[in-house]
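This is what each chain is made of:
2 protein chains.
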Amino acid sequence: MFQSHLFTKTRKESPKDEVSKNADLLIRAGYIHKEMAGVYAYLPLGLKVLEKVKAIVREEMNAIGGQELIMTSLQRKELWEQTNRWGDDVVDVWFKSELKVGGEVGFGWSHEEPIANMMKSYVSSFRDLPIFVYQFQTKLRNELRAKSGVMRGREFVMKDMYSFCIGEADHTKFYNETIEAYMRVYKRLGIGDDTFVTFASGGAFTQFSHEFQTIVPTGEDKIYLNREKKIAINEEVLNEETLQKLGITREELEEVKTAEVGNIFNFGTQKSLDLDLYFTNESGEKIPVWMGSYGIGITRIIGLLVEKFADEKGIIWPREVAPFGAHIILIPSKDEKTSLRAHEVYKTLNARTGVLFDDRDLRAGEKFADADLMGIPYHIIVSERGNAERTVEVKERKTGKVVVISEEKVVQGNFEALFT
Amino acid sequence: MFQSHLFTKTRKESPKDEVSKNADLLIRAGYIHKEMAGVYAYLPLGLKVLEKVKAIVREEMNAIGGQELIMTSLQRKELWEQTNRWGDDVVDVWFKSELKVGGEVGFGWSHEEPIANMMKSYVSSFRDLPIFVYQFQTKLRNELRAKSGVMRGREFVMKDMYSFCIGEADHTKFYNETIEAYMRVYKRLGIGDDTFVTFASGGAFTQFSHEFQTIVPTGEDKIYLNREKKIAINEEVLNEETLQKLGITREELEEVKTAEVGNIFNFGTQKSLDLDLYFTNESGEKIPVWMGSYGIGITRIIGLLVEKFADEKGIIWPREVAPFGAHIILIPSKDEKTSLRAHEVYKTLNARTGVLFDDRDLRAGEKFADADLMGIPYHIIVSERGNAERTVEVKERKTGKVVVISEEKVVQGNFEALFT
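Chains as they are written, first to last, in my numbering: chain Y, 49 to 468; chain L, 49 to 468.
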């Protein structure tokens, strides 16, 4: 894409009223627009990042048998009353409104109830199970506070998956497969080494649930971690009983600041009992379905990646989620060969990795500052200097390292190898 | 995809309380689930169709310079008050709620206001224009009636595009390019020959707006059409003045029932004046931006395609929007070669066009009925009969015509050519 065509512009000043680092940088670099506190629009660059994160999650959920669908935002009061979760005293994040035809309607802050209820149309026999479904849904939550940018908003995109099994054994098998799938997601997002499966408080059915926590200095959560043993405990369940159960002492654990990037939950049969979701087993008995839920906050992940990797110059995207594979910076030059070379490199490389081409009529310094702020991992600098030998400079955003390579080599796009 | 893995099932009975043909068929075939009146979830097959329609629209909007973004559902009261569209007496489809922090919030039923308002951050000089942006947004509208299935719901997906130009000449140029882009979309959707640019009532700035109307017997609209002259007039503006202006007589027009599949609108500078969206021209003068808006109801299109093409056996999808390129029907057989052949054809063809493979343990008649209901345009019937000469039957859903071809030929996937 030609940068001169992109309608967004970078800005030097931080937006007013924005206290979070992630939203500050994402707004300044032109990725998002703040509609109101905790509510952000995704501009062309931001939407590209969003779709790339979704694509990674989609691939990994499909790989473990997930079937994608999309539920609705509008929610029936009667359904949520069945599980006693309509009341504002029970769930304090509902947005609710009045239907013109009469009656109250809610806006989806979560989707266990409608998905489990829908399954009554498709589950009758043990032969119908297991079923794994997921969606990327825009959740609406009436949060009292919204000061964490895209990391905790009133409107955000979440991947929520639900499993429906004949019993605990099958459930546990899928639950563990999901843990592995989630870790593959985090690895591809560039946070695999700093993300830990963490024991957190459970629910009616289980002592613990599991969260995925990523180390980040600005994180809102605190976990207690033993990296070697790969044991991580959320402070909310750090007590003698938990330590004994996990066979570890307080002294072996370090306290680290983290942000939650996923959680998985064993519902047991509670939801199915509440909503009448049964199947018939081989002996003809009616048995409640065993359910689990599995969440990843997609827009939250974007905020986390910004907070974790940004430096004083701006955003640094991990390779797989960057809006483009490379950022060509054409240095103003009186020799028209310079621009011609840049366009040639663009044409070939764009088809291969997607390229943002800074073709704007600006000084080199401004272009460099913008590129650093926007955070595409590799900058390809085309200047007069390389015209004679047809070379370009490739700069790694993360390290600032520069290598000079030939045009033939740059269009192959294998930039990682240049810096390892 | 193996049909045995798909969690949805077809049903023979029409759902209760569903009066529209489109929702009836889409529910029975497992494409959608009704959450409440006018509110439908999209199941795996339905989501595939939705994404295919979006992909066509996206390609054509990108081709005319559209930049994709995604605005928010939550809307600020103060912004809509600026254009006098917050009041329920002016806009009767608002869903509204209370923020926990205090104050009212709306749910996006349209997005001109927030998009125009956002552009104030990016438009200052004539050099910044024109800008064309679009989104696929889930709109929420508090409709009094919702009896048209996915064709007019309380929650639906719309592509809305907005143009920002320096004046009327540039606006008109893009407006006309959009008309052509829309007609390319309808052609790819299989409704090009039956879709007409139609004169409809205008707004503050223009005598007419333009709708795109598709002929369909169950349509809610009525237009007056001259196919030869390609003149179409919505009944709401059919009067002497219009006829004179368009140089046509009432006698030259036939009355046809249609459904609206798109509309485009010239805002002039009204919105920009209301919202203070100005640019500075070459002489340094402050000028309000000239705006237009361009809508296509994505989920509405899905309903239209069902209503227009379905027969007594079920849905018939146009090729470009079908959830899969072909539907393999394996006829139960004691010769294991039959199943082996079906799996081989599946493997190659699935990679090429996407295939639904009916591998279920059911009688042939049930499989045929399901395939007819689901409406994938080409059925590939693999039976014992073809084992000796390694042939399969390809049936065109629309016409019921069958041709027998070799396995080598079927995996090439070029089915259209077989029936023309």
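Errors might be hidden in some of the hints.
Since the list gives no way to pick out one identical chain from another, each pair is judged satisfied if it fits inside one copy or across any two copies.
[Stated by the list, open to error] Computed list of lysine to aspartate or glutamate pairs in DMTMM-like fashion (alpha-carbon distance at most 25 Å, straight line): (1) K102 with E152; (2) K270 with E228; (3) K361 with D65; (4) K144 with E126; (5) K96 with E116; (6) K195 with E414; (7) K334 with E66; (8) K144 with E129; (9) K148 with D242.
Everything labelled a hint here was simulated from the structure, so no lab data went into it.
Here is what the structure says about each hint:
no. : hint           : verdict
1   : K102 with E152 : neither (32 Å within a copy, 32 Å between copies)
2   : K270 with E228 : within (23 Å within a copy, 56 Å between copies)
3   : K361 with D65  : within (21 Å within a copy, 59 Å between copies)
4   : K144 with E126 : both (13 Å within a copy, 20 Å between copies)
5   : K96 with E116  : both (20 Å within a copy, 9 Å between copies)
6   : K195 with E414 : neither (30 Å within a copy, 56 Å between copies)
7   : K334 with E66  : neither (54 Å within a copy, 30 Å between copies)
8   : K144 with E129 : both (14 Å within a copy, 21 Å between copies)
9   : K148 with D242 : neither (50 Å within a copy, 35 Å between copies)
Comparing the model with each numbered hint stated earlier shows that hints 1, 6, 7 and 9 do not hold.
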